[in-house]
Amino acid sequence: MDLIIRDKIKQVKKGDQTAYEDVVMFFQDKIFQHCYRMLGNKHEAEDIAQEAFIRAYVNIHSYDENRKFSTWLYRIATNLTIDRIRKRKPDYYLDAEVKGTDGLDMYSQLATNDRLPEEEVQGMELQNQIESEILSLPPKYRSIIMLRYLEEFSLQEISDILDIPLGTVKTRIHRGREALRKKLRHV
Amino acid sequence: MNCDKEAVKLMHQHLDGDLTKEEEMQLKIHLEGCDSCQKHFHELKRSITLLKSVEQVKAPENFTKDIMQKLPTEKKQVKYMR
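Going down the list, the sequences are from chains P and G.
Here the first sequence is numbered in numbering that gives the first Met the number 0, starting from 0 and rising by one per residue.
Here the second sequence is numbered in numbering that gives the first Met the number 0, starting from 0 and rising by one per residue.
Bound conformation, chain G alone (with noise of 0.2 Å):
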């Protein structure tokens, strides 16, 4: 299997849950078999679960207050949908 074109995407399919399982089998054994393939596939993973480890940010106080006050009016609705 070539590394860079088929391994790899290979390995994107896998990840969106887009692999067959003849083509599970095939990453599989291919990765058991290619160092490189695998550091690839970690560093992948890993990616991943380093970004989902970000903060969840929350929005500021009196967020929706805000909102309200400043959804228009039944007048001031014709002028801001123009």
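Chain P with its partners taken away, still in its complex shape (with noise of 0.2 Å):
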């Protein structure tokens, strides 16, 4: 797959626009799935995934052949996502870094199993239990746990994706994992 891809990248390249549909439709499930992971809602997906197609196809020339074209185009959604969640107002505060926690945020603050009583809708579904908590974690964990166990990336992988060292994807993937274990031990 990854042959035929790069060959129809360079048609794109030469300026055949028709090649770039079947690289969309080769990709749409993934990167769908990757925003509504990140976004938690299908209308913002679908509009940051289109985003991210486009964006792919306009700076098409700044893509260099020798990486995989995945981790280039993934890396545009994620970075899309991200700045999405920022740009949310009530999410903002949220967001943002506590000083001196090393990339934690106050999602990590706070208490993981206190839902409000009106929240514990009853007979919740585990499924999307399971969605809400992964909403939950902070998005800099979210996007790597997401990125190793549902596309299924090396870790290595992720660190291109991410434009991050290595040794950083797994200090977070740890801490994410935490975050998740604690989130989902008592589902």
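Keep in mind the hints are simulated off the structure, nothing from the lab.
Among the hints, erroneous ones may be present.
[As the list claims (entries may be wrong)] In silico SDA-like cross-links for lysine to any residue, where the CA-CA straight-line distance does not exceed 25 Å: (1) P/Lys29 - G/Pro71; (2) G/Lys64 - P/Lys139; (3) G/Lys8 - P/Phe152; (4) G/Lys64 - P/Glu43; (5) G/Lys64 - P/Gln27; (6) G/Lys51 - P/His60; (7) P/Lys182 - G/Met67; (8) G/Lys69 - P/His60; (9) G/Lys20 - G/Gly32; (10) P/Lys139 - G/Lys4; (11) P/Lys7 - P/Tyr56; (12) P/Lys182 - G/Lys64; (13) G/Lys64 - P/Ser135; (14) P/Lys181 - G/Pro71; (15) P/Lys41 - G/Leu70; (16) P/Lys139 - P/Pro164; (17) G/Lys8 - G/Leu18; (18) G/Lys57 - P/Asp82; (19) P/Lys139 - P/Leu165; (20) G/Lys8 - P/Thr170; (21) G/Lys27 - P/Glu177; (22) P/Lys67 - G/Met67; (23) P/Lys41 - P/Lys7; (24) P/Lys29 - G/Lys20; (25) G/Lys20 - P/Glu177.
Reassemble the complex: the two chains are provided individually, in unrelated frames, and hints are given to aid placement.
The following block contains the structure:
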């Protein structure tokens, strides 16, 4: 598949717009799912996923063919989702890093299992519960956890996608898993 | 072995496939004798299983088509790229 994509990208670079259709078709579910898991809202996910594909197209000449196209595309999509999360007003406060905590933000300071009674919807399905716990992870952990366990990228690939050192990816995936463990242990 | 620091660290390294054979053995021996670490390890693995069980979502219908219609034509591209 990588070879076919590589070929298509070459055609796109030469100005063949229709070749891009196959590229979008191939990645649409993956990128949409990634945006949806990051944002938790289908309309926003559609919006951002579309923007990611359009940006990739517009900037295709800056894509280095020696690297994997998927890595480059996921980077664009992840950056856009994180931008979108930051721009949401109420969450802005929650996303702000707390000084001296090395990336922990207000989300991580919130009690994990204290739900308001009215939020404790009876019979809430396990799926929904897991989804909402994923969404309550700080975005910088959420992106890594998603890339690793839902998209099945290697830690090295995640380091390339997010443009952060491998060591940082490892620290964050450890913390992300711990956060998730605390959230899901009573599920 | 210190549970909170060493054992938990080994668990995560195990999950990332970063342990040497000796370290795997150290972790295994520790887990056999320590209930709370065993529970911790089980919870970690279970949370990953739960995570992976979330439903796969698909892009909306016409997603690709919509994008193809929104792609800039040659002239607009200049404006898009600034």
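Results of checking the hints against the structure:
no.	hint	result
1	P/Lys29 - G/Pro71	holds, 23 Å
2	G/Lys64 - P/Lys139	violated, 31 Å
3	G/Lys8 - P/Phe152	holds, 22 Å
4	G/Lys64 - P/Glu43	holds, 18 Å
5	G/Lys64 - P/Gln27	holds, 11 Å
6	G/Lys51 - P/His60	violated, 35 Å
7	P/Lys182 - G/Met67	violated, 40 Å
8	G/Lys69 - P/His60	holds, 19 Å
9	G/Lys20 - G/Gly32	holds, 19 Å
10	P/Lys139 - G/Lys4	holds, 23 Å
11	P/Lys7 - P/Tyr56	holds, 12 Å
12	P/Lys182 - G/Lys64	violated, 39 Å
13	G/Lys64 - P/Ser135	violated, 33 Å
14	P/Lys181 - G/Pro71	violated, 46 Å
15	P/Lys41 - G/Leu70	holds, 21 Å
16	P/Lys139 - P/Pro164	holds, 14 Å
17	G/Lys8 - G/Leu18	holds, 10 Å
18	G/Lys57 - P/Asp82	holds, 23 Å
19	P/Lys139 - P/Leu165	holds, 14 Å
20	G/Lys8 - P/Thr170	holds, 10 Å
21	G/Lys27 - P/Glu177	holds, 20 Å
22	P/Lys67 - G/Met67	holds, 22 Å
23	P/Lys41 - P/Lys7	violated, 28 Å
24	P/Lys29 - G/Lys20	violated, 35 Å
25	G/Lys20 - P/Glu177	holds, 24 Å
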